[in-house]
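The task is simple: from the sequences and hints, build the whole structure.
Position one of the sequence shown corresponds to residue 980 (the working numbering), numbered consecutively onward.
To be clear, the hints were calculated from the coordinates, so they are not data collected in a lab.
Ranges between beta-carbon positions, derived for each pair:
#	residue 1	residue 2	range
1	Asn1231	Gly1207	17 to 25 Å
2	Asn1136	Gln1210	20 to 28 Å
3	Leu1170	Leu1024	38 to 46 Å
Dumping the calculated DSS-like pairs for lysine-lysine here, alpha-carbon to alpha-carbon at most 30 Å:
#	residue 1	residue 2
4	Lys1171	Lys1129
5	Lys1132	Lys1115
6	Lys1320	Lys1045
7	Lys1171	Lys1253
8	Lys1171	Lys1115
9	Lys1320	Lys1025
10	Lys1126	Lys1320
Every residue gets a Cβ at the ideal spot worked out from N, C-alpha and C, and that includes glycine.
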Amino acid sequence: MTTPPTPNSSLPPRRTRFDQTSPPLRSTPSTTQESPPPVRPEYALKFTLKGHSAGISAVKFSPDGKWLATSCNPPPPLYAKLANRLTLTTAADSTLKIWHSLSGAHEHTLTGHQAGISDLSWSPDSLLLCSGSDDKTVRLWDTLSGKLWKTLKGHHNAVYCVSYSPRGTIIASGSYDEAVRLWDVRSGRCLKTLPAHSDPVSGVGFNRDGTIVVSCAHDGLIRIWDVGTGQCLRTMVEEGNVPVASVRFAPNGRYLLAGTLDSSVRLWDYVQGKTLKTYQDHRNEKWAVAADMCGSEDSDVFLWDVNSKEPAQILVGHEDVVLGCSAHPTEKVLATGGLDKTVKIWVDES
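Here it is as structure tokens:
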């Protein structure tokens, strides 16, 4: 174990990552006068990273933009029996890798998990990396040394999703045990266990001031929780209880983006508890993907125009299902990871 890095107590830097904030897409101007059409992105493949021995489950740029973290653990189709899940993942690559974000040079391979890894989350100061695994643990890594710092134990089944709070003091984790846990980063102690859902939890995320956390699950519910009290403030559900694969807060803190397994991405006003927009064109009936840059079962990646509800660009290059998507916080660079065991880096040339 290494001495923990000193956390940054100040507010985190502004980010524009797909997994946390808004995509770098050009939305249509709102004006009564005629305006030129918005400039469409023109992302082109820059290079491909190889090194994992199984399908990629998560790709995440660090908030400072220096690093890209990747993991692998291809999840099974929704509602597969747990025995089948374990059969699929026992042979999975249980390592994390850290790469230089712009050059693609390999920096660290992090070892310690005993099973595949489903999700990653960076601390706001980019000094710590959090991972959630099928070995039922959440682990914290010192990204400078590449060493394990802490192991958080308490979940009774595979950990499927993790998220750092904006100030870096709390981690939320969701599991196949249907619970959400809130952890104190410094002590490693579980602060609260939220009996959140009646099916595996597929997504968790904080609002921009860290006072509330959102969770979603295969039961079709999206729930808003008070971090301080653990109280459920609101429950939202789409007609038909469509399983929800991923969820996050929009930058303004009022809206949610949720990806569902009817091949849709929905924009929710969680204050009013209603859907404002629905984006549909990609194919997704089995897999969990990040909202507003969507991997597809046909191996393509869809970038959405938030106003027109049409794809702004479709990235073609992977040879299998794309599960991981992330946008660089300052550069026009995207990372995608798929079941073809590769991570691809795309650069906007517009």
